[in-house]
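Top line first, the protein sequences correspond to chains Y and X.
Numbering of the first sequence is given in full-length UniProt numbering, commencing with residue 1 and proceeding in unit increments.
Numbering of the second sequence is given in full-length UniProt numbering, commencing with residue 1 and proceeding in unit increments.
Quick caveat, the hints were computed from the structure, so don't treat them as lab data.
Please note: incorrect hints may appear among the correct ones.
[As the list claims (entries may be wrong)] No farther apart than 20 angstroms at their CA atoms in a straight line, the calculated lysine-lysine pairs in the PhoX-like style are these:
id	chain 1	residue 1	chain 2	residue 2
1	X	58	X	404
2	Y	39	X	299
3	Y	91	X	58
4	Y	438	Y	384
5	Y	39	X	108
6	Y	150	X	299
7	X	87	Y	63
8	Y	31	X	299
9	X	108	X	348
10	X	40	Y	222
11	X	348	X	362
12	Y	384	Y	363
13	Y	150	X	40
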Amino acid sequence: EIFKLTSFLSLSLQAKMSRSVQAQRLEGTDKNIWVEFVKLAATYSTVNLGQGFPDFPPPDFLKEAFVRALSGENHMLHQYTRAFGHPPLVKILAQFFGKLLGRDLDPMTNVMVTVGAYQALFCCFQAFVEEGDEVIIIEPFFDCYEPMVKMAGGTPVFVPLRPKAPKDGKLMSSADWQLDPAELASKFSERTKAIILNSPNNPLGKVFSRGELELIADLCVKHDVLCISDEVYEWLVYDGKEHIRIASLRGMWDRTVIIGSAGKTFSATGWKVGWTVGPNRLLQHLRTVHQNSVYHCATVAQEAVAQGFQRELELYGKPDSYFVQLPKELQRKRDWLVQSLDAVGMNPIVPEGTYFLVADISKFKSDVPDVPDSDEPYDSRFAKWMVKNKGLAAIPLSAFYSGAHKNNYNHFIRFCFAKEEATLKAANDILQKWKQEKNSP
Amino acid sequence: MLFASRSFCCLGIRTYQLRTDLHSRSIKLSASATMAFRHKNTRRIEGLDSNVWVEFTKVAADPSIVNLGQGLPDISPPSYVKEELAKTAAVDRLNQYTRGFGHPSLVKALSQVYERVCGRKIDPLTDILVTVGAYGSLFSTIQALIEEGDEVIIIEPFYDCYEPMVKMAGAKPVFIPLRYKNNGNSASSADWVLDPAELANKFNSKTKAIILNTPHNPIGKVFTREELQVIADLCIKHDTLCISDEVYEWLVYKGNKHVKIATLPGMWERTITIGSAGKTYSVTGWKLGWSIGPQNLIKHLQVVHQNTLYTCPTPLQEALAQAFWIDYKRMDDPDCYFYSLSRELESKRDRMAQLLQEAGLKPVIPDGGYFMIVDVSTLNVDLSDVDEKQPYDYKFVKWMIRSKKLSAIPLSAFCGPETKREFEKYIRFCFIKKDGTLDAAEAILKNWNKQTA
């Protein structure tokens, strides 16, 4: 049958049919851990500390702004707004970040609104990375960086944060995970187009210090490399630490694109409003990508976020500011979860920022025996076993490492603690029960 | 040239590394010498930075201008649509991430509506992708399935983003124009047709896809079943994909029927059909669209989506799902918004056509969509003194905005380089406007002859 068929078709048609229908740029980018783990959590979990989103609502003032925008006489908020960002939003962002950076920012050229920080990252890679370019990615990393670099035709070059042993008796902190300066410097080459920095860092919660940022900045300047600075967790910083913006360091404004997120800033991940801030010379190219991919972002949420920022500008630094209240609230939750995990021997790495926490599962290994020839990293099998058998969902740390390095730190899992007290308490109950089961004969 | 400057900049860096003095001034000097090269944009976006909308929406933003340019309604969306969105803010989980490839209740609603329309089973999880507007669907489709070495056939005039998107994917756009075939007096969008032999000539072994837009923007043509069959036959013969942009699918006027090319034999497996909430519900600012097709194609669009923006906004998707359920239940009822909007627009179409005819113009009456094109060369407006090197219609629209306070969009924005001359006498009006706007347009058109010399 097939023989008859192929002789029937023209040679060129045969050639076309033997090629895969999808474009090559998708090669190596189809795997996505979230699709699998979100499904598992939905099916099995009673307590979901996996995917990173709050289970508490956005603040009332933000929801009210959304409803207000909709109930007004102006139904034009249901129509297209300015493609590069709704004017009230870009204006307030320019004002707000101008103040933080100590610069005069033009809302029309130094700010662009995107569909979440995710799309901002996409625009950066598409605008600046192509075949022949290398992009330095610090491990562990938010998993989308690698496939985005690949889809842009670039080569990811990985450099790990390495854990230093904590001082005696102390819990490990995310600050104990550090870059080796010589190792980092060795990753920069003539082909290095950009480095992607994420501070505060997902999944570890590391908040890069001034010294660490200066190290990176010096190398960027020396090698004339762009810096894509993913700062979505910029307000979630604990213990009085300061979030330092690398763009404010010497020589960095001209080569940095700062990325932010309303979802993380205002606990409204489902609104998908993000932004980029940077020099026009760089943003002009992000605008080109944006206008040829999604073009406009939804109007109403932009209007509400603008009002949210207006309120925060007025309350900046004051106790009522959401940017003061939210980290205070989350620090409490962090401390609660740290205590919970420590009490059962699942050693937590205390995060300096973000709403994620990584814990060492070594003491629980007996529950999930090693499978020597398994393709799957140990922590991934552990996390799957845990959600199915304990109803507690978390994400394996190997999800945040490149293929070659997935087994380097395979006894850690990541928890999200942006959850109601009841959720965290339920997690504690599961952990306590689990520990008791381990201890009893 | 590129390589020469690259080795120069490397030399510069190595020389620098020999220096022990890390003074900031020297850092800045050597950095700025190489800065222009290093921070250059990628090849994929080269030449794609200009855009007719960026140019004309700015010009027409002045509130004293009667704006019939950009395709956005100034009529209100139906009240239940607005209400559904207002309700979502109160539901906590609707403010957080939903399923990446599409909010469950929305893909379910879409599968029901389109199963009915297409007469075939559509799996909500594998056959549908929700995107940021139909624009996002076009982008996901092209990025997923088109690459360097491919040719993509684009019918002119075309919605302007098709060409840059195909180029950004590294492929070659191959243009074929709709040609006006009638010699009679009153022009209809049906008079603009493809020459079958000319079309067949455009297909070759490199042709990866053809982009079809029906109902058509800007002409308003609704491709007939016979016309679609010609395209389908060629797609099947050459094993070509079809990207069918059907955003105006519900806006079809009396005597016309929207036919989905995916329903023709042999076409479902090679077609991605694109739809838009913005056009369906008059909510362009919601930026929600969808791609529907066979799993083996949609799965690649889903990969692009998960690597570009991952998920679309939740509250908008939930509200849209609710609106779809309301109208799905009354798809047999003439009050269904899919039909009532079309009736409302038909009378606006007729009014717009009359206004233009009374001003001495010959509009092309559209069978669908909410745009109308008109040949303005008969007005004989002399713009030879304007020395901008732009096509006539660009100059005309700018002049019209300035001196008549009425805006439209120049048609050559929707053409490839070869046909700009043919189409530069046409401009496009958008008529999904409230009565007040059309009244204001009427006043301008009535007074037109009084002001021209």
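Taking the hints in turn, this is what the structure says about them:
1. X:58 / X:404: holds, 17 angstroms
2. Y:39 / X:299: This hinted pair holds, its Cα atoms lying about 17 angstroms apart.
3. Y:91 / X:58: Between residue 91 (chain Y) and residue 58 (chain X) the Cα gap is close to 17 angstroms, so the pair holds against 20 angstroms.
4. Y:438 / Y:384: Given pair residue 438 (chain Y), residue 384 (chain Y) holds - Cα atoms ~19 angstroms apart, limit 20 angstroms.
5. Y:39 / X:108: Holds, because 17 angstroms separates the two Cα atoms, which is no more than 20 angstroms.
6. Y:150 / X:299: holds, 18 angstroms
7. X:87 / Y:63: holds, 11 angstroms
8. Y:31 / X:299: holds, 12 angstroms
9. X:108 / X:348: violated, 33 angstroms
10. X:40 / Y:222: holds, 17 angstroms
11. X:348 / X:362: holds, 17 angstroms
12. Y:384 / Y:363: Distance of about 17 angstroms is within 20 angstroms: holds.
13. Y:150 / X:40: Holds. Residue 150 (chain Y) to residue 40 (chain X) sits at ~19 angstroms (cutoff 20 angstroms).
Taken one by one, the earlier hints fail for this structure only at number 9.
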